Amino acid sequence: MLQKIVFLIFSAITLGSGLLVVTQRNLIRAAFCLMAALLGVAGLFAVMEAGFLAMMQVFVYAGGIAILIIFAVMLTRRAMDPDTPQMNTQWEASVGLVLVLFILLALTLWSDPITLPEINVGRIHINEITLGGVPWPESEEDVGADTLATLGEALVDSEGYVVPFEAASVLLLVAMVGAAYIAFPSRQEPQAEPEPVGADLATEPGGEE
Amino acid sequence: MRKFLTLIGGLIYRLLPLIVFGAIAVVFLIFAVIRLEWIELPSVLRDVLAAFFAALIGALPVVLFSWAERKVLGRVHNRIGPNESGPFGIIQAMADGIKMFTKEDVTPDGADRVMFNVAPILMGSAAFAVYGVLPFAHAMIGVDLSVALLYLLAMGSVTSVAVLMAGWSSNNKYALLGAFRSVSQLISYEIPLALALLTPIMLAGTMSTVGLVEAQEVPYFLPLLVSLFLFYVSSLAETSRAPFDILEADSEIVAGFFTEYSGMKFALFFLAEYAHMFAASMMTVILFFGGYRLPLLELIVNVNFGETFLAPFIIISKSLVVVFLFLWIRSTLPRIRLDQLLALNWKFLVPLSLVNVIVVAILAKLLEDSSLGLRTIVLLAANLLMLAGAGFALAAAGRRARERDEISLTAVTDAPQLTSIH
Amino acid sequence: MPNEFGFIGLILAMSVFFSLVALVAAWIFRPKKPGRIKASTYECGMETVGTSWVQFKVQYYIYALIFVIFDVEVVFLFPVAVAFNQLALYMVLEMVLFIIILAGALLYVWRKGVLEWV
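Protein chains in written order, with the numbering used here: chain A, 14 to 222; chain B, 9 to 430; chain C, 160 to 277.
One or more hints might be untrue.
Unchecked claim - The list that follows gives simulated cross-link-like pairs (lysine-lysine, DSS-like), each with its CA atoms no further than 30 angstroms apart: (1) B:Lys-79 with B:Lys-107; (2) B:Lys-79 with B:Lys-111; (3) C:Lys-191 with B:Lys-181; (4) C:Lys-192 with B:Lys-355; (5) B:Lys-355 with C:Lys-271; (6) B:Lys-373 with B:Lys-355; (7) B:Lys-11 with B:Lys-111; (8) B:Lys-107 with C:Lys-191; (9) C:Lys-216 with C:Lys-271; (10) B:Lys-111 with C:Lys-216; (11) C:Lys-216 with B:Lys-181; (12) C:Lys-192 with B:Lys-79; (13) B:Lys-326 with B:Lys-79; (14) B:Lys-111 with C:Lys-191; (15) B:Lys-107 with C:Lys-192; (16) B:Lys-107 with B:Lys-181.
The hints are simulated quantities; they were obtained by calculation from the structure and are not laboratory data. Values in this document were obtained by computation on a predicted structure and should not be read as measured data.
With the rest of the complex left out, here is chain A:
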């Protein structure tokens, strides 16, 4: 019971902050609301006893990626410009589309199957459709008490996830190289240039004597 209440509170924080992110006019406030939404997600992880994921969410997302976003927003002039319209002109259509998608998704993931009845109107005939009732997959073996150690071992186990583990490091390398390239596209080696000029002048007085 308490768990349900806490879950509802954190869900409200997450969804409320998410709503604020898209409706705020002030960009910086929107970025901070995004951070609040990420912290709400961390709370949800904590409620589900995924301690590692909760802390990782705070450390990487709220403490890294959200800061990156805020830096990016503050580096542009748009932060000081509150007169731009918040939503574009087609927002009614997009809200309608999102609602339809949400209803479909909710119906699919609903744990009790919902059967839409057959429709026989004149020449239109729609068969009975059953939505939902998708069982959540459960693993057969017992995970054990120490999930973090199991995760760690699985990450480097050759029958486990070692290839994605190494691929992740290559992905991070690519990200860093890409960032360096985009930030400084045609940058020379900085220490190559000043030295030859200075070295020539430095050897001259020795040559004079």
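With chain A fixed as given, assemble chains B and C onto it according to the hints.
Okay, now just chains B and C, sitting in the frame of chain A:
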């Protein structure tokens, strides 16, 4: 009647140090009573009270350390520190507190009210909340979180978020600039901190603070010297203490990101900084010096000090030594510039920490089955080698930088001579 | 509590409570005399010139970006470190390979001059 009151007043004045330390001891005692279940309480009430007193313990360091810092700095500078308020100036912190209570809280024009008020609360909460996972004895801990070290890193990240919020909402370009610089420093130094934390976790096999203390049969500063160095330097930077306090230096940028804060909100930032400093010292002790146990002594005597009543005294005295080291470093080393600070981090500390993790991982795995003494000695030798290598690399880089400066200097001074000779 | 994060939630609530109590108490006790000059933005005692926004160096963003990449790397390494005692030697070497790839990335960025504070 008047003489009697003067007598009482004089007595209270003389006893003030005892009152201050007594109050601190009482808070710890109540925390112990609640956590060690010396009296029976329903479990919900017990947890709520324990949380209350753990957060209160977080608010105590400022009382002691703002006085201790000024005294120590004063003595190092060959002068007496504060000695007016109370004997030995001991209630200096209370006097500061009263002053901050009664100062007017000016909210600047155009400041974003919500964020302006939330920032100090966020920073204070992050600093106090760490005390829930710090153990003062084997069972005298808020909660023995299994991911306690990650929790510490997460609270450090929340601190940097609060700094950014404070800087932005002040509507002051200097505060914003200070906040940017502060956040750059804080996030940069989280990387060597986290990488240095990996090595004790590898040796102990757990992230919980109590587990780390219990796993130290030999205190980890022997096999993990480089990690201790990295962790300590990163903690200095994370708490914005000298020599990394470019952001609070009055001569540089007034007060950095909290320029526009006055009154109690400023006091909250101040409180958070000292609480964070004490938490960092306690973490150093827990990770590297055996926490509330005396590991080296326990090898000889077969007593687990963690279970005795000496445990809180052990850990607090060790933490106080580390705090003294913080203050000592502040009074000795000059401040380094922000770009030097960031270069130090990314070009020295991060590569050193990566090399450290690799070396410790490989050696610890190779020597897994040998005795404790052999492992400690081999790891200590490897650490000393790494420190020597790092020292040589620094010296070589320094020499290169000096040569480059010399070349550019001689280039400037010799050029006019050439024209005059010819 | 069965969920260890329950206590963390409690202590966070207590910390927020403490901060709020301090602020409310100060609000009761402090003088409230707002003035136009007192509330103006601080610029070393002079009148402010221009808006309170300046063009910041892009270097701050670069440092934050590199931090995020190393952050993700560290997060990958934590579970492996916790499970260290159960790993075989080849698994440790895989972890070392992970670190070496990222050290290579740092070296590349260093030599490219991205870390210079221009």
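These are the hints, each one checked on the structure:
1. Between Lys-79 of chain B and Lys-107 of chain B the alpha-carbon distance is near 19 angstroms, which keeps this suggested pair within the 30 angstroms criterion.
2. Using a Cα cut-off of 30 angstroms, the hinted pair Lys-79 of chain B and Lys-111 of chain B holds, with the two alpha carbons roughly 25 angstroms apart.
3. With a CA separation close to 26 angstroms, the supplied pair Lys-191 of chain C and Lys-181 of chain B stays within the 30 angstroms bound.
4. Distance restraint check for Lys-192 of chain C and Lys-355 of chain B: the Cα-Cα separation of roughly 50 angstroms exceeds the 30 angstroms cut-off, and the hinted pair is therefore not satisfied.
5. Taken as a hint, the Lys-355 of chain B and Lys-271 of chain C pair is honoured in the structure, with Cα atoms around 13 angstroms apart against an allowance of 30 angstroms.
6. With a CA separation close to 28 angstroms, the supplied pair Lys-373 of chain B and Lys-355 of chain B stays within the 30 angstroms bound.
7. Between Lys-11 of chain B and Lys-111 of chain B the CA atoms are separated by roughly 35 angstroms; this puts the pair beyond 30 angstroms, and the hint is violated.
8. Our distance criterion of 30 angstroms between C-alpha atoms is met by Lys-107 of chain B and Lys-191 of chain C, whose separation comes to about 15 angstroms.
9. Between Lys-216 of chain C and Lys-271 of chain C, the direct Cα distance comes to roughly 18 angstroms. Compliance with the 30 angstroms bound is thereby established for this hinted pair.
10. Distance hint between Lys-111 of chain B and Lys-216 of chain C is unfulfilled; the C-alpha atoms sit about 36 angstroms from each other, more than 30 angstroms.
11. Our distance criterion of 30 angstroms between C-alpha atoms is met by Lys-216 of chain C and Lys-181 of chain B, whose separation comes to about 14 angstroms.
12. Distance hint between Lys-192 of chain C and Lys-79 of chain B is unfulfilled; the C-alpha atoms sit about 35 angstroms from each other, more than 30 angstroms.
13. Restraint check: the Cα-Cα separation between Lys-326 of chain B and Lys-79 of chain B comes to about 19 angstroms, which is no more than 30 angstroms; the hinted pair holds.
14. Of the supplied pair hints, the one linking Lys-111 of chain B and Lys-191 of chain C holds, its CA atoms being roughly 9 angstroms apart against a limit of 30 angstroms.
15. For the proposed pair Lys-107 of chain B and Lys-192 of chain C, the alpha carbon gap of about 17 angstroms is at most 30 angstroms, so the pair holds.
16. Restraint check for Lys-107 of chain B and Lys-181 of chain B: satisfied, since their Cα atoms lie roughly 28 angstroms apart, inside the 30 angstroms limit.
Against the hints set out earlier in the document, violations occur for numbers 4, 7, 10, 12.
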